[in-house]
Every structure is written in structure tokens, then in C-alpha cells.
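Peer 1: Letter by letter, the chains look like this.
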Amino acid sequence: MPRLTIDGKEIEVEAGTNLIEAARRLGIEVPHYCYHPGLSIAGQCRLCMVDIEKTPRPSIACNTPAADGMVVHTQTERVKDMRRSMMEFHLINHPLDCPVCDQAGECWLQIYYMQHGLYDPRMLDEKVHKPKAVPLGPHVMLDAERCILCSRCVRFCDEITGTGELGIFGRGDHSEIGLFPGQDLENNYSGNVVDICPVGALTDRDFRFRVRVWYLDTTKSICPGCARGCNVEVHVNRKRPHHAEGRRVARLKPRFNDAVNAWWICDVGRYGFDAVDDPSRIRFARRGDAEVELDEALNALLDALRRHTPAEIAILASPDLANEDLFALRRLTETLGIRQVAFGVPPAAPTPAADDFLLRADRHPNTRGAETILPAGDAAAILAAARAGRVKVLWVFQHDLLAAGWSAAETRQALERVDTLVFSGTNDNATSALATLVLPLAAWVERDGTFTNFLGRVQRFRAAVEPLGEALAAWDLLGRLLGPLGVPPAGARAELWFRELATTVSAFAGLTYQSIGDGGAMLAGAPPTTAPEPPGRRAPAPA
Amino acid sequence: MTIARVEFSSEQLAEVRRLQGLYPDTRGALLPVLHMAQDTFGYVSLEVEAYVAGLFGLSPAHVHEVVTFYTLYFQQPKGRHVVAVCHNLSCHLAGAQDILRHLEARLGVQRGETTEDGRVTLQAVECLCACEAAPMMQVDDRYEMNLTPDKCDRILRDLR
Amino acid sequence: MMAELVLMRNFDRSNSHTISSYRSAGGYAAWEKAKTLEPAAITDEVKKSNLRGLGGAGFPTGMKWSFIPKTHTGPVYLVVNADEGEPGTFKDRYLLERDPHALIEGMLITARAIRSALGFVYIRGEYVEPWRRFSAAVKEAYEARLLGDGFDVVVHRGAGAYICGEETGLLSSLEGKKGWPKIKPPFPAIKGAFGQPTIVNNVETLCCVPPIIERGAAWFAGLGTKTQGGTRMYSVSGRVKKPGVYETSVSITLRQLIELAGGVSGTGRLKAVVPGGGSAAILTADEIDVTMDVDGCKNAGTMIGSAGVIVMDESVSIPEALLVLARFYAHESCGQCTPCRESTGWIEKMVHRIVDGHGRKDDLDTILDVAKRGGGTTICAFYDGAIGPYISYVEKFRGEFEALCRP
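Protein chains in written order, with this note's numbering: chain U, 1 to 543; chain S, 1001 to 1160; chain E, 2001 to 2407.
Isolated chain U (complex conformation):
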């Protein structure tokens, strides 16, 4: 373990750690463009120069491993001067049109110019012109003039996805990134090239020009798109909703977690949040076709639950529900003695497939949580019982049973046979349309909670926006039923439900919101996880 000194502060780092990472651990930022911790070292931008004692010239920090006894200075006059030079070189051919560039506000040219540039521009000649506003597939837009040729996106496609769609063509100051003519960038990770682009060259077609980034708020969350549970940030636009026609969730960005997804998320997850602001959202409770006060709907549900024997009641929970919700539901079923409880519904054909990296075939965030918290049940048997007239009250969470991998006609028969079909979910669907009672649930971005990923990692997500209308988290809804049934609810916060879950279900024993933290924690007995090896590193790289 080499021990070195950076700007007078000593630190010991693992062998092989480069000087950018060693400095980062001391809170010292060495400016850089081409270096990215998830990619190979390119050494192209030349911005990360630092002075190392006994080395005649400044060295690039990205390609210099920490060595024992090394004395590094990141703020010498010549290093600062060199950074200024590098900023000037980067900007010679860069358009100076920040006011109309969508990257403004999160552009590392702007940030480093203010921190390390501040020279008077001397470039008076015509800049090199290159293609602008070129769509690179469904999600990414290229402005080649804004590109600083750091090659991060090219290395991403070579080393992470292994798909090799991008290249740097030509040479000299006419070099430009691009696709093989006629090809699209449509691998399932294409959105990541926007994240790693340090400038305005690659922007997100879904996000660009919707809202200025300085109006966005950031919340740590978990992608609900599949059983992986990639760590994400939810960027929401609370301050200027009119800029995006009422769309509150502006975008999802990956959040680094070495145990799950490293720096990356897939496009299925990244662009899969449409339902949150969709017109199909259920904002208020309904009886039949009429919107009613939430309390009225809850009373009607309570009445139905009390009027029937447990054998006449069945519940189809959802692997989209949080651990807290599932635990509250377990309390309810235990209180009422309901045995017919299941959560897994087969997906319709074509059934989703896993990809070769992060995306799982199971497109639900909490199947493992449901398996751990609820007793094993058989959804098909419940439907069969309903069709046979043995179920009087069927309570469906979130699922559209008519779009499941069952015969829609038989399912419809079943749903029409029950006396009281209760639906609680975030969005209307064909199942909710048949329901006699509809209860609105808050979407995952509107509430706190935890999901348990397929490997048993329990991870927290947090409310980023207010629930729409009278929507509630399922634990809250269930808590309001448990009270009248004589069971004191665990509390008015998700965390309190989790605390009770941890004391009740042994797999969660010892876990708290604090111990889960931002990075998650494993269920008892589940081995620690690491992010999977990217496909580009498994096969021989195409580069």
C-alpha cells in the first residue's frame, strides 16, 4: 500500500490507484476530461497535469499510479498555468454559444473555465465546422462541434457494452466522433454516453431543451425497472413545471454503486419512468365510475373485508410494492386470517428477456422482497377460484391481470365473477377499469421505501415529488385499514414500518434505514454483491 503526500496531506492508497483517485480521497479535485474511473486510461485531454517532486515536467495524474514516498503538488504555478493553456486548447474550436447549449449548467468546459481558465480568448480565425444536431439512435443527439474528443463515449461502447458503434473518424482538428454511416446507437446502454460526455456534444433526446438543469432537484433513488435495483438519482423539475408541460420527473441518472450497477444504468430503466406523469395516473379513489373521498373508499373496503369470511377474500399483491408495503399487507392478512395471497403474475408474451449486463428478465423491483415477506401463494389458483365463484372480494395491487400471461377471456370471467373487485395502483389499466373500488397509490418517486434486489440487497428510495391527488403509499393505505381492525399501525413513516419489519422477518433482522444508507445492505445470509463484469470486458474488445 503506497503512502504518498498530495498538497501536504498524507494518504495511503491501494497499489495501482492513480493520482486523480488518490487526490479525490483527500478532497482534492484534479480537473480532467478524458479520465473516467469506469473506463481505460486514454491520456488525451492533458488537463490532469500535476507536479511530482523529482520529476522535471508536470505529469498526467490519470496515468500515474501512486508510489510510496511520492510528493505531489496540484496547485503549483506552472500546473495552474498549464491548466489554463489546456483550457484554451480545448476551447479553440469549441463554439462559444453557452446560452443556447443544453449542457449549460452542467458543462465541464464552463466549470473548468471558471475554475482554471479565465484567460482572454485569442482565437480570431474561423473555427472548424462539423455536423450539428445529429441523432445517434433513439436516445442520443450529437453536436460534433461541441465535442472535445475525449473518447469516453467510444471507450464506453468498446469496453462496457462491447458493441463498438462509435468511433473517432478522420484526424487532426477535423477528427470527429460518430457512427458507421447508416448504423444507430441503440444498444440498451446508449444513455450512459450522455452521462459521461463532459460537454454538450452528446445530449439526451428525451431531456434536452425541456428544462435548464439549474432548476432541477436531485433525490437518491432506486430504479424500479427490474430486479437489479440500479442506484439512480431522480432529477425533478419542481421549480419550473411549466417548462416541461407539467412533467415533474425530468430524467433519471445513474448513481455509482460498485455493488450493483457501478456507474451505469440501462435505457429500459432510464427511460422507463413515463407512468409517473402519465394521464393514466390514479389521483383519487373511485367507487364504480364516481370519484369519492379516500375515507369513503377505505370504509367501503373495510366493510367488504368485514362482511366476508377470510376464505372468500383473496389478495394479489405486487412485486412492485416496497418491503414496507408488503409487510403492512402481511399484517393485514394475518389479522384477518386471509390465506389466499399471492404476488407473482406471469408476464404476457413476448416475455421480457434479460440483456447481457444489468437488465434482468424480471421487470419488478421487489420480487425478492415479496418472496421474503409474504407466504408463498399461487396467483393462478386464486384466479381459478374466482372463476369458480369461490372468491367474493378480490384485491389486486398494481397488476393488469388482463395483460398477463394468462387467457384474457378466462381472467375476465374471473374478475367479473367476484362481487367486489378492488384495485389499488398508481395507474389505470384494463383491470382497474373493471374494479368496483379503486384506491390510488403513490408512485415510487412520490414516497420513501425500500426494495430488495434479486441478490438480496435491500436499498432505499426516497420521495422526490409529492403524491398526486390523494394517492398514498401502500403501507399508509394499509395502515389506515389496520387501525379500525384493532391493530395499531407501525407509524406514519416508512422507516417505522421497516423497523417493525426488521424485528419480525428474520431475513431483515438488524437492518435499519441508517445501516442501509445510500448504498444498500444485504439480507441476512445473502452474500455480498459486486456489479457484473461489463460484456465489453468479457469478450475481446472490438477496439
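No wet-lab data here; the hints were simulated from the structure. You may find that some hints are simply not true.
Stated by the list, open to error - Anything over 10 angstroms on all C-beta distances counts as not near chain E; from chain U, calculated: (1) G38; (2) H129; (3) G172; (4) G469.
Claimed, not checked - Coverage of chain U stretches by chain E, computed from C-beta distances (three or more under 8 angstroms per stretch; other residues unrestricted): (5) 41-51; (6) 82-91; (7) 117-128.
Unchecked claim - Listed next, with one range per pair, are the computed distances between beta-carbon atoms: (8) Q115(U) <-> E1015(S): 53 to 63 angstroms; (9) D2365(E) <-> R78(U): 51 to 61 angstroms; (10) Q1075(S) <-> F209(U): 52 to 62 angstroms; (11) R538(U) <-> A2117(E): 29 to 39 angstroms; (12) L124(U) <-> K2184(E): 29 to 39 angstroms; (13) G2263(E) <-> L124(U): 41 to 51 angstroms; (14) D1025(S) <-> G2148(E): 18 to 28 angstroms; (15) G2376(E) <-> E1047(S): 57 to 67 angstroms; (16) R537(U) <-> E1116(S): 30 to 40 angstroms; (17) E533(U) <-> D2365(E): 46 to 56 angstroms; (18) R537(U) <-> E2038(E): 16 to 26 angstroms.
As the structure is a prediction and not an experimental result, all values here were calculated from the model. Ideal Cβ positions, reconstructed from N, Cα and C, are used throughout, including at glycine.
Following the hints, complete the assembly by docking chains S and E onto the known chain U.
Peer 2: Here is chains S and E on its own, set in the frame of chain U:
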């Protein structure tokens, strides 16, 4: 100059495999095979790039990177003859610009262009390393040295 | 001053490119001798000979060979840099065409020294005739069982890119990629072609190896200066009466070399000389008493580089000459690292504007400042080569540039 079907003959495919076998990694043979492809198909079209990429198991973008990096691969149809006049320093001192202007006038094209009849592509190129015989040019495979306007005319006359 | 010919000894023989001619002149005797020597003994001999790389960098050859890790058991590659491209240089073309077996013999001996079983000869794509000549010689050497018996040679054609003369750009190109130089460390001797330890040597450098082995390090060292042994081939062009390639001791002065090439042509009055290829800083008429070895040129603030001497008489416009080179560097910059990619194009635009009469005097300071700021900051030596002319032409002939600028 284009060949309708972009496909090597079985003899050529055997040669591709031989070339690939010469290198510790088959990719080493990419430049030689691209030379072969250009000789066969006239120039390296996108279709040729994609075909060659397939022979190497490479992404076409990576072959496109290579083709656009080197000056000897033509991405557009070229003339039956390529006349490449050196305009680097020693040739410049020996009047390369006069030679280029003379050839432009004779051929009726600017440097970088191909005559309408597809006979000659005229280029201005960097040092060909025959500075002792400046001004000079490369005509297809040959170096033509110590050029004068008259000598250029004689050389052009022989290009069919 | 014309010393004993070492490298060009066979050039005037009839069919000098054939194995029979080479053999009849005593060729491959050094290889026979080398086969009796331990690899380390060969490297030692080359070290003692003070042979320094003749491609441009002037690095001591024997020392370079000794960087191959002693503990490495996998393949080691010998790569010959025949990607001659430095403006004003044409010596390797002569060697490939007129004495290809000297290179093959040099490769055989070097391969033994570095324990390499596979060599690559990277010949620039434009050199079609030299490629044919050399390939024919390789075929002869295979037929004579000189090759194929523990050491194989692959002749590889480039495709037109000056940067492939840079040793790691060459390796990237040999691997079938763009000729982007590789980030160092690791250096090629540790991780070179195809990820294996690799020695890259210039054609002329390797052609010196057989005479060193045959006649001894002391003899070779004695031909040169204290810090550089041997003779070398100077390519002399531009405004001289007898342009051509001249082999002579590295202790010759530039003044003597110009005389050897018949003296200044044109006006007959010398204005400036490029001593070591386009990337060398220019010398004025007062600065030509420099000795033409690595250190002599270095001490004079320029470099011997590839020993391409370009002579300019008084009628030559220095700003126009700089424009030619600035265009060249902008065209040939590989585009990999930012300072070089961005400023070669910018500087060309500024010089272009000056030559066209639209320059401002500020431009000259900007050129100098930009060149100096970018120097020493890039992955490879290309940009350091480019700033040689940028800075020296403007500094030494500033008046000539200012005369073209608007007041």
C-alpha cells in the same frame, strides 16, 4: 470503377486468412487487407468497409476509423491513375506549386479532384521522401522525379 | 571529409539488392559471427559502439535493447521502422532499395540479441518500389534458410500517415488500428506490439549492426564523436547544387556537409538550413558550424533528427516555408491529444493569414506563446517536433514575418 458485388474470390479469402495468420492478432492484417480490397473494388466504399469488418469480426465503425485516418485509402471512386504531387518543403523550394498549377491547367481539375473521364485523380501530398529529386510526384506506384512542365506533359500523355 | 562508406558500401555494386551480390561482398558474415555470441554479448558490443538511433530520437541503441525485461518468457517482437516520412529525409528508401539484405542481416543479429522470433518491417505505404525490393530480398533470405529458422519476418505496408513514424503510432498501426501513439508508460520494451515487449529500430540503425559485429565496437565508435559512433546518411536537399544522400562521419559540420553537396544554389548566398528534417529548429547562415551528431545539434538548440538537411538560399521566403510546414503538421496531427490537435490547425491558420497579408503583429507573439505552451504536454513527440519550426522560424526571422503583417 465500382464492382457490383463486394466479395473476395475464394483465392483472395485464402490470402486474407494467410495475412491474418502472420500476426499475433488477426487484426494486424487489417491494413494489408484494406489495400487488397481497394485494389479489388477500386476504392474503399462503406460497403467494402462493412465487408472487411465482417472478415475480421470488427465493428464497422472501427474499420471506418482506420479508413478515414490514412490517406492512401480512397473513400470515393478514384481515377484510373492517381497523380500525387509532393508539396512539402524541399519540393516547395523546387517549385512544386508551379508543377501543381501546371497539372491543374492541363487536366482541368483542381487538386483533390478527378478528371471527368475518370482518367486521373490529382492530389497534393506531403513529403514522399524523394527530396533529392524535387520537385517530384508519385504516379500510381512510380516515383517521377526532377519534374518540369514538359516532363509532366510527357507523363500525362502516357496515362491511359 | 568523405569518410569510409559503411552503410552505402554496396550501393554501387551491380544488383546490390540481391543476395548473391550481398554475399559476394561479404554479406551475412556478421550473422555467422553473431551466432557464436551470447545475446548479451551482442547487446554489449552495440552499447560499446555508441550507436544511436538514426530515425530521429537518437536514443542509444544497445541501451534500448537492454530494456526488454530479463524475466520475460513470452514473445518479443522486433519492429523495423521503415515509415520514412520526415520532410527532407530519404536515406531509408536507398537502403531498402539498394541494400535490403543489410537490413535483414541487421535484423537477424538484433533478434538474437533481444531473443525475438518474429520481426515486422513497417514500410510506408507510398514506398511501393522499396516494398517490392525488400519483399523480394526477404523471399531470397527465406530460400537461403537465413529466415524461417528461428526468426521470421513479416513485411507490412502502411497506408499514409506521418504519425506512424512515431514508434508507438507505428505499433498501433501495425496492430490494425489508427496510428494513434500509445500512452507511456508502459514503454514498448515492456508492452509494445500486440501487448508484448517490443524493440522498434529504424532501418539505418539496424543496417549499422552487421558492420559493428563484424569489425568491432571500437572501430565503429572511432568513426564518430565521443558520444555517438559511426557514420550516418545525410539526406541533403533544397537549394544545393548536388542534392542527394551523403554518408559521412557524424563529426562533420553542417558547413562541410553543404560543401559536400556542392554548395548553395539559387542566389548562392545561404539564408537558413534545416539540419535534421522538417521538425528540427532552423539554423541561420551564422549557425552552420555545428557538428552533425546528436549532441552537437542539441547543444546548438536544434536536433539532428533524421539528418534531413534542407538548404535555403537568400531568395527563400521563410514565412512561406513555415506555412508549408504548418500545413503539414495540421494535416498530419493524429488528433489524439488536445494541445496538438487544436493548435496545429490554429497555427496554420495564423501563418496562412500572415502570408496572405492579413496578419497582425500580435499573431507572432500568439504563435510563439501557443507553441511554447503546448510543448512537452503531449503523448508523443510529434508536437514537440512541430514547435521546432514554429518557434525558430518566427524568432530567427521575425522581421520577415513582421514585414508581411499589417501595422
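Peer 1: So, for every hint listed, does it hold in this structure?
Peer 2: Comparing the hints with the structure gives:
Against the 10 angstroms criterion, G38(U) stays outside the reach of chain E, whose nearest CB is about 18 angstroms from its own CB. Annotated as non-interface, H129(U) keeps its C-beta farther than 10 angstroms from every C-beta of chain E; the closest such distance is 12 angstroms. Against chain E, the non-interface label of G172(U) is violated: not every CB pair exceeds 10 angstroms, the least being about 4 angstroms. Look at G469(U): its CB is around 53 angstroms from the nearest CB on chain E, clear of 10 angstroms, so calling it non-interface holds up.
As drawn, the stretch 41-51 of chain U meets chain E at 8 residues by the rule of a beta-carbon pair under 8 angstroms; at three or more, the given contact holds. Under a criterion of three residues with beta carbons nearer than 8 angstroms to beta carbons of chain E, the stated coverage of the stretch 82-91 of chain U is upheld, 6 such residues being counted. Counting residues of the stretch 117-128 of chain U whose beta-carbon sits less than 8 angstroms from any beta-carbon of chain E gives 5, enough to reach three: the coverage restraint holds. The hinted range of 53 to 63 angstroms is satisfied by Q115(U) and E1015(S), whose Cβ atoms lie roughly 56 angstroms apart.
Our hint of 51 to 61 angstroms for D2365(E) and R78(U) is violated, since their Cβ atoms are close to 20 angstroms apart. A beta carbon spacing of about 34 angstroms between Q1075(S) and F209(U) contradicts the range 52 to 62 angstroms that was offered as a hint. Restraint check, R538(U) to A2117(E): a C-beta distance of roughly 31 angstroms satisfies the suggested window 29 to 39 angstroms. For L124(U) paired with K2184(E), a C-beta distance near 35 angstroms keeps the hint of 29 to 39 angstroms intact.
Here the CB-CB span from G2263(E) to L124(U) is close to 43 angstroms, well matched to the stated 41 to 51 angstroms. With their beta carbons about 22 angstroms apart, D1025(S) and G2148(E) fall inside the hinted range of 18 to 28 angstroms. A hinted range of 57 to 67 angstroms is violated for the C-beta pair G2376(E) and E1047(S), which are about 44 angstroms apart. With their beta carbons about 52 angstroms apart, R537(U) and E1116(S) fall outside the hinted range of 30 to 40 angstroms.
Checked against the given bound of 46 to 56 angstroms, the beta carbons of E533(U) and D2365(E), roughly 53 angstroms apart, stay inside it. The beta-carbon spacing between R537(U) and E2038(E), approximately 42 angstroms, falls outside the hinted interval of 16 to 26 angstroms.
The structure is inconsistent with the numbered hints 3, 9, 10, 15, 16 and 18, although it conforms to all the rest.
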